[in-house]
Amino acid sequence: MAKLTPRILKQCARIIGKENVLTDDLSLLLYAYDCSLSRSRPDGIFLIRRAEVLPPLITLLNQQHIPFIPRASATNHAGGCATLNGGVILNLTHLNRILEINTEQGYAEVEPGVVTENLQKELEPLGFFYAPDPASSQICTIGGNLAQNASGARCLKYGGTLDHVLEATVVLPNGNTLRLSRQDAGPDFIGLLAGSEGTLGIITRLKVKILPRPEHIKTFLVTFPSLEASIQTVSTLVARGILPRCVEAMDKTTTRAVEDFAHAGYPTDAEALLILELDGNTEQVDKETSLLEELCAQNGALQFRCAKTEQERENLWNGRRAAYAAMARLAPNVMVGDGTVPRKELPQTLKKVREILTAQNSVASLLFHAGDGNLHPQIIFDERIKPDVIRAKQTLKQILQACVDCGGTISGEHGIGVEKRALMAYQYDKPTLDLFAHIKKATDPNSLANPLKILPIHYAEEARPTQGVPPAYQKANEKFSAGEPFRIVGKNSRLKTEAKNCLSTNLFNQILDIDTANYTVTVEAGVVVKDLLEQLAQHRLFCALTPSEGTIGGAVASGCTPWIYAHLLGVEALLPDGSYIRYGGKCVKNAAGYPLTRLFAGSQGKFGLITQLTLRVFANQLDVPTDKPFQPLQPNVWWNSLKQTLDPAGILQ
Amino acid sequence: MNYDSFCELNFKNPKQHLSVLETPLGMRSFGQSVAFCNRCGLCLQSCPFYLLSLEETFSPRGYNQAIRFLLKKVLSPIRSRKKLQELSVSCTLCGRCMQACPGQVPTPQHILELRRLLDKRFLPFTLYFLMRLHSKHPKIFYTLARLGLSLRRIGVIKLLRFSGLSCLIGMRWMNQLDRMIPRSSKNARKQWKELLQTKEEAPSLIYIPSLETELFLPEIGINMWKLACINHRPALWAHTPTGLFEYVYGNLREARKQVKKIIEQVDTLDKKEIPVLTDSIDVYNFFKQAASLFEDYPQWKERAVQFAQQVVFATDLFPEDLKAPTPFTTPVALEYGALFSRQTKPFQTIEQKLHTLFAENFVQCRDRQADLPAFGYSFYAKDKATQIRALALRPLENQHVGTVVVLSGWAMMEVSCKKKKTLPSLKVLHVAQLNG
Chain A
305 MAKLTPRILK QCARIIGKEN VLTDDLSLLL YAYDCSLSRS RPDGIFLIRR
355 AEVLPPLITL LNQQHIPFIP RASATNHAGG CATLNGGVIL NLTHLNRILE
405 INTEQGYAEV EPGVVTENLQ KELEPLGFFY APDPASSQIC TIGGNLAQNA
455 SGARCLKYGG TLDHVLEATV VLPNGNTLRL SRQDAGPDFI GLLAGSEGTL
505 GIITRLKVKI LPRPEHIKTF LVTFPSLEAS IQTVSTLVAR GILPRCVEAM
555 DKTTTRAVED FAHAGYPTDA EALLILELDG NTEQVDKETS LLEELCAQNG
605 ALQFRCAKTE QERENLWNGR RAAYAAMARL APNVMVGDGT VPRKELPQTL
655 KKVREILTAQ NSVASLLFHA GDGNLHPQII FDERIKPDVI RAKQTLKQIL
705 QACVDCGGTI SGEHGIGVEK RALMAYQYDK PTLDLFAHIK KATDPNSLAN
755 PLKILPIHYA EEARPTQGVP PAYQKANEKF SAGEPFRIVG KNSRLKTEAK
805 NCLSTNLFNQ ILDIDTANYT VTVEAGVVVK DLLEQLAQHR LFCALTPSEG
855 TIGGAVASGC TPWIYAHLLG VEALLPDGSY IRYGGKCVKN AAGYPLTRLF
905 AGSQGKFGLI TQLTLRVFAN QLDVPTDKPF QPLQPNVWWN SLKQTLDPAG
955 ILQ
Chain B
47 MNYDSFCELN FKNPKQHLSV LETPLGMRSF GQSVAFCNRC GLCLQSCPFY
97 LLSLEETFSP RGYNQAIRFL LKKVLSPIRS RKKLQELSVS CTLCGRCMQA
147 CPGQVPTPQH ILELRRLLDK RFLPFTLYFL MRLHSKHPKI FYTLARLGLS
197 LRRIGVIKLL RFSGLSCLIG MRWMNQLDRM IPRSSKNARK QWKELLQTKE
247 EAPSLIYIPS LETELFLPEI GINMWKLACI NHRPALWAHT PTGLFEYVYG
297 NLREARKQVK KIIEQVDTLD KKEIPVLTDS IDVYNFFKQA ASLFEDYPQW
347 KERAVQFAQQ VVFATDLFPE DLKAPTPFTT PVALEYGALF SRQTKPFQTI
397 EQKLHTLFAE NFVQCRDRQA DLPAFGYSFY AKDKATQIRA LALRPLENQH
447 VGTVVVLSGW AMMEVSCKKK KTLPSLKVLH VAQLNG
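The listed protein sequences derive, respectively, from chains A and B.
Count along the first sequence from 1, then add 304; that gives the number in the working numbering.
Count along the second sequence from 1, then add 46; that gives the number in the working numbering.
If you are wondering where the hints come from, they were derived from the structure by calculation, not from laboratory data.
Among the hints, erroneous ones may be present.
Stated by the list, open to error - Okay, the calculated beta carbon distance ranges per label pair: (1) A:569 x B:362: 30 to 38 Å; (2) B:368 x A:430: 28 to 36 Å; (3) B:366 x A:329: 45 to 53 Å; (4) B:365 x A:569: 50 to 58 Å; (5) B:368 x A:567: 28 to 36 Å; (6) B:367 x A:461: 54 to 62 Å; (7) B:466 x A:329: 33 to 41 Å; (8) B:73 x A:529: 48 to 56 Å; (9) A:310 x B:145: 56 to 64 Å; (10) B:193 x A:329: 36 to 44 Å; (11) B:466 x A:588: 53 to 61 Å; (12) A:567 x B:73: 52 to 60 Å; (13) B:440 x A:483: 36 to 44 Å.
What the hints assert, rightly or not - From the structure, some residues in chain A lie toward chain B, with a derived Cβ separation under 10 Å: (14) 397; (15) 632; (16) 742; (17) 756.
Glycine included, each C-beta is placed from N, C-alpha and C at the ideal position.
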């Protein structure tokens, strides 16, 4: 990587304007940090006032090998905006125009620097809303949300940012512009972009989904004698088919801290507290309310209170929002974690977390999005005291490791950045980390776009032990090693190929796990969709698929059922180089690394063989559209480079 | 670990700014107060200047980090002086960030300390010179100021402008100041002159007019006097240094001297607990914090605490049966721009009064409203100040406000200056003018 010389600066200034180049001491220091502890001084700051200047600017930076780091509000907790090896900061906050709001077709077109709450405010009078609601929505930007795959309290019902982006325009690290759309046949590249933290390119325009505002919203405050009882209530709720708009939980310590500060009217004697919100039409909400009350009573709820007025509702939420503030007053710094575990593992994880906090003698509040299993421990410390910082870091590390041990992930919504990249090796094995590295290498060969993020530097030695290719898939592996080109098919019901050299997934047709407590199912790729649905029906579970003769692997890889992508939680796959990757699991959200489920979804078996999938299932029948007809791939730049990197010999045809 | 070493911005001259601050969460050392900014960024969207510039350098988070770097000696105040001046002046000291901050970090107070360190040097040189003169040699200053005002009255400033001479470097600020300073009526000037000559042998209240009142806004002084006369026998102490410039923005060593002078002057009276009235909310807030000036001077501290209790504002003198001067048909709003804190007692009192006086006609334009820039801003960043003023007036415009009540002469000048173009029908009233 080269240094930013005055000559290059001059050339850049010619493109973006002299007044938009900052190189003074103070500015360089002030752009050296974000919300995390990471700090490193950039070589220059470029204020991007028009998206049109980005392609020529990036081309120039690419030619000169200058790293660049996109940055908007810099509210991330992971050090995603730190310039580790020098380079320039591209400040995108000026790209803050809402270009179009189309309520008829349900979308809004925005620039990446639009503040999430500003979009919500524009949509409110039109009777619409934008579903992702990160806690920092009043300051964070939509581009940043996609780059970090932010979600928020409403994630359980509506999903994270990646499920709400319809189109995205990206300036690639070589300066070319790539337009991605959900309509494109092929892998879900928008999904791949989510959580990429600016390492794949710079988002310059987004088309996001907007939804009509629900007719009726009811907010409840329920207290429980134990945290376990509150989590059990959430599980029972989901089991009975109620998908609340938000489910937020707090422990006693947090409730007390919040009540002392915000006076939200929370009872301080209960061990756990839930804030639930139901939305929909009046009839549906009323029906769900009575069921909710009944279920809470069954699980030993101490108090069940419904907010009767808008003011009361606002008070309940103010308390939740004040949780961070309550801690921020106690000490100069607050370290926020975002480890996520499968919902049923929450009580177990919480026990471990408490043990860690006691052992480390750390003070932290615990609050979590109970519906998603997303924990937010807020550890207070003073960054001026070194041992305090080390202790806080150590505590968070152990908490995140505990989450991984419980089958979870180190990040549910904040991303990896620099702060958590070492822990990536704890969560993933070498082949999976290799795949992340390959994706980065394929899309950014010079490693200039936000370099040295997400991936640990020496992961080869530190990675989780590789379990190798399971025996069941050895045969498939042998076929890869043979080196002859072939096609991967399931039942051949969608692809309808006549090619002779095929590898069928028919042999892997086990339903490995139906988790009725967590609402997930893990299946091998060769399981026929119809059979899966029948099996699920026996457990009174439903999946977002229509009965068909094709396999589940085919349904995901063919791109004929793109709505299932949002329900894909984990994937295991065999790659052409013989490595076996394991990504995700039973967690509802995972922002650790590139979302590999989205890479294989719609890839039509050209990147590797999907062997196992974990899907989200539901207690209620879903409205599922009919399968789309099979469309051949439309290769784009990313497709070509990824194919070249992952399958250079062209084995998978 | 001892953090005291991180409390001073300037080791050579440590008493130039406050080292112990009164924050909403108690007394904290300067370094400790700055350290409580944990860079969460929740203040960003509340800052009017960040909303205009969208640059980290001009955001509350940026301000706090810059000060932190200064404290840590990572940033050199000499090398970055120009940028620091720009940064310190860019903050309008409105206090919105403090309201948005989860830890209630008093960023405006930090910036104020930075301004004190930079010691009025954010002003154009000529103006800076005049301000220095005001604190060092008040008599020469007043002579010059009167001469300037007389020249202005006979049209010399206009002549300078038309001749193009006022565009010369070092003279440009004159245009800006000319636009801001209202032209007081001859009658008011005459009345004010008479008041200045009155002498009260046994006063029950001391009225210290602010510099802007004394020189440019005699109407405020007259009304304040009338208000004081309702229940007191006031004495007018003119030519006492009572500007924002001595106390609020200036070197605190000088401010201490000036406050001491006032206290000593008060002590010469028979009744030492006599109320001291001021007409500027900023000076009032500053006097209320007088004790913090004398943290290191135990012999003065007790007296300063007592003095702080003696200070009163127009709102404390309102009669029970206060009646609005004229019937208001259009909505009335309150301007909240004030240094230190917008949640001080006078605001609450005036809000209550306005509610009683105008009932539903009193509208609150707090939400998302930008405040008026603090002093110095208009000269340093003229274009941006215009935009910020426009932002501040937009809510008034949206709610069809006909009258805006202000709590200081400076705010009156700022609003009057902007409204000339955008809201010519807007009437600006100082709180003292509410009483008939």
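Range hint compliance [Cβ, residue 367 of chain B to residue 461 of chain A, 54 to 62 Å]: 58 Å, holds
Holds or violated: is the Cβ of residue 632 of chain A closer than 10 Å to a Cβ in chain B? With a minimum Cβ separation of about 4 Å from chain B (threshold 10 Å), the hint on residue 632 of chain A holds.
For residue 569 of chain A and residue 362 of chain B, compare the CB-CB distance with the range 30 to 38 Å and indicate the outcome. Holds - the Cβ-Cβ distance for residue 569 of chain A and residue 362 of chain B, about 35 Å, lies within 30 to 38 Å.
Residue 73 of chain B and residue 529 of chain A, beta-carbon distance inside 48 to 56 Å? The hinted range 48 to 56 Å is violated for residue 73 of chain B and residue 529 of chain A, with Cβ atoms some 41 Å apart.
Indicate whether the distance between the beta carbons of residue 466 of chain B and residue 329 of chain A respects the range 33 to 41 Å. 40 Å Cβ-Cβ, so the 33 to 41 Å window holds.
Against chain B, run the beta carbon of residue 397 of chain A and see if the smallest gap drops under 10 Å. 4 Å, holds
Between residue 366 of chain B and residue 329 of chain A, does the beta-carbon spacing fit 45 to 53 Å? 58 Å, violated
For residue 368 of chain B and residue 567 of chain A, compare the CB-CB distance with the range 28 to 36 Å and indicate the outcome. 33 Å, holds
Please check whether residue 756 of chain A passes as an interface residue: C-beta within 10 Å of a C-beta belonging to chain B. With a closest approach of 21 Å, the residue 756 of chain A hint is violated.
Range first: 52 to 60 Å. Now tell me if the beta carbons of residue 567 of chain A and residue 73 of chain B are that far apart. Taking Cβ atoms as reference, residue 567 of chain A and residue 73 of chain B lie about 24 Å apart, which means the hint is violated.
Please test the hint of 56 to 64 Å on the beta carbon pair from residue 310 of chain A and residue 145 of chain B. 43 Å, violated
Could one say that the CB atoms of residue 365 of chain B and residue 569 of chain A fall in the range 50 to 58 Å? Since residue 365 of chain B and residue 569 of chain A have Cβ atoms about 40 Å apart, the given range 50 to 58 Å is violated.
Checked against the numbered hints above, the structure breaks hints 2, 3, 4, 8, 9, 12, 16, 17 and satisfies the rest.
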